Structures are given as structure tokens and as C-alpha cells.
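Enquirer: Residue-level listing of the chains:
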Amino acid sequence: MTREFLGSFEQLVLAALARLGDDAYGMSVRTEISERTEREIAIGAVYATLERLETKGYACSHSGQGGPEREGKVKRYYEITRAGRDALRDSVRQLNSLVLGLNLGNIT
Amino acid sequence: MNSPRLARWILAAFLPRCVREAAIGDLEEGYAGGSRTRLWYWRQVGGSILPAIQMRWKSPGVLRIGAAAVSSYLVVAALVAVLIPLAGAFLPKWDAILWTVRLGGDMLAGLIGGVVVSVMVPMAPRRAAGIFAVFLGLLSVLSAWAEPGTMTVSYLAFLILAGPGCVMLGSLICGAGKRSGTS
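Each protein sequence line maps, in turn, to chains A and B. Positions 1 to 108 (the numbering used here) are the ones given, in order, by the first sequence. Positions 1001 to 1183 (the numbering used here) are the ones given, in order, by the second sequence.
In case anyone wonders, no lab produced these hints; they're calculated from the structure. All figures in this text were calculated on a predicted structure; none of them were measured in a lab. Where is the CB? At the ideal position from N, CA and C, for every residue including glycine. Hints are not guaranteed to be accurate.
[To be verified] Some but not every residue of chain B turned toward chain A, in silico, with C-beta under 10 Å:
1. E1021
2. A1022
3. G1025
4. E1029
5. G1033
6. S1035
7. R1036
8. G1047
9. P1051
10. A1052
11. M1055
12. D1095
13. L1172
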């Protein structure tokens, strides 16, 4: 099956979904990426990417109840799909094959 | 904690309905009050506008609204073409053309107004469209009252109803873009 290429932010969002598991929703995804990349991420950018990934079939979502800390507003939980995991794995493999053997300094 | 109302309103106006409540709830969750968080909130809103526009632009709802706007324009144009000779039977020729073109304009303005009002007041789109429709209807009555004796009562009634009717149609078309929150 031919897969669409993942953009770099799409890769980050998919990886965050895989890491967060059942607790993946807009704000937790934003915080996860923000802390690990040390970049300020706008919530709108996260949702735009999540919507795109959902359209591609790489993520799926369901609504959950919101607590008082969010004034009762619904939470939208996201989950990475099997196709999403495959796309992320392929994407990382392609990147690895390109950078393998390059002298990029210490990246750990 | 009371988050900045204006910022929340701006975000609500730009975000598509399918993620609006969840995204605003997320920001409420992160908002703890104080000037630093207030600034953070505004930065979040500022950074979200462009992605929100892109999201809206690519959503099926926008495509549906675009298709509805084009087809509505064609319907109005066809209606104007039919109404001019029809109105000519009751009115002097130039008055018939004038009023029929005006009717088409009213309908198109109503349709666009209905969509715009519904998008700009996301919390109560139908109520906002209703108020706008009444306003447009009153405007039609006033303008017709200012130029008395140029048309029949039935034609005037059609004129008064067409614009507000199109406002509600625009609002309904806008609502058709709503997507279910579940997958």
C-alpha cells in the first residue's frame, strides 16, 4: 500500500499520540510536544494536524466528558490507528536510512 | 478562573465547530489566571488563528457552503430573469427591472449575511441569524415605505420575505457543515 508522506509536525503528533495512549487529547498532546521539543505550540496547530491525521486515517477520535477545570466543555480524545503506527514507523525508517552514517555530532 | 473573554470569542469565531468546544476547554484547563497566563492565553489564540482558517478552508462544510453559494447565485439569477417579465405585468417596465434586481440583491445579501452572522456568533448562530433576518425585513419595509406606490402588495410581501428567508437559509447551510464529534 502506498502511504502519504508525513510532515515533521505530523510525525511529532503521531508519536505523542502513541506515547500518551488513552490520555491523548488536544492539551496533553500540545504539552507533550512542547516539553520534548522545547517549543511553544499553539493549540490550533495541534487540532489542525489531528484533524488532518484523522482524515488520512492515521488517527481516530471520540468525545469524553469535561470536568469543572474546563467548565464542563467536552474533551476530544485521539488515538493512533494501525495505519498511523505503520506510517510513523515507515517515516522514521526513511529518516534513519538517510541520516545513518552522517556525522551530525552528538544527538542523544 | 475567568479567561480573557475577547480572546475566547476570537478563537470560537475562527475554529470549526467540530473542534471548537474541545479546543476552548483545553485552553480553559491550562488557564490559571494572572498576567502571565493571560499572555499565554492570548499567544495561544494568536497562534491558532491561521491553522484554524486552514482547517475551516479544507473542511467539507466550507466546500458545501461554497457550492451552496454558487448554486444559490444561479437560482437568484434565474429568478430575476423570470421575475422581470412577470413583474412587468403589474409594474411599469423600469420599476419592474429595478425591483426585481433589488429582490435578487436582497436574497444574495441575505444568504451571505446568514452565513457570516452564523460564523461570527458561534454560541447562538440561529438566534443571531433570526435577529439579522428581522432587521433585514424591517429595512425592506422602511425602504418600500419611503418609495410608495411603485409596486403591488403581493410583490412587496415577496420582497420583505425573500431577504430574511435567505438569511435563515444561509444560517442553515452554515449549520450543515457541522461534523459529528465522534469517529
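Enquirer: Hint by hint, say whether it matches the structure.
Expert: Okay, the hints, checked on the actual structure:
About 5 Å separates the beta-carbon of E1021/B from the nearest beta-carbon of chain A, less than 10 Å, and the hint is met. At a threshold of 10 Å, the smallest CB-CB gap from A1022/B to chain A is about 4 Å, leaving the interface hint in force. Evaluation of the G1025/B hint against chain A yields a held restraint, the C-beta minimum of about 3 Å falling below 10 Å. Here the hint on E1029/B is kept, as its CB sits about 5 Å from the closest CB of chain A, short of 10 Å.
The interface hint given for G1033/B is violated, since its Cβ lies 12 Å from the closest Cβ of chain A, which is over the 10 Å cut-off. The interface hint given for S1035/B is broken, as the beta carbon of that residue sits about 17 Å from the closest beta carbon of chain A, more than 10 Å. Nearest Cβ of chain A to the Cβ of R1036/B: about 13 Å, over the 10 Å cut. The hint is violated. About 3 Å separates the beta-carbon of G1047/B from the nearest beta-carbon of chain A, less than 10 Å, and the hint is met.
Hint status for P1051/B relative to chain A: holds, with the closest Cβ pair at about 4 Å, below 10 Å. Of the supplied interface hints, the one on A1052/B holds, with its beta-carbon coming within about 5 Å of a beta-carbon of chain A, less than 10 Å. Annotation: interface hint on M1055/B holds; nearest CB of chain A at approximately 5 Å, less than 10 Å. A cut of 10 Å between beta carbons decides the hint on D1095/B: the least distance to chain A is about 51 Å, and the hint is violated.
Annotation: interface hint on L1172/B violated; nearest CB of chain A at approximately 24 Å, more than 10 Å.
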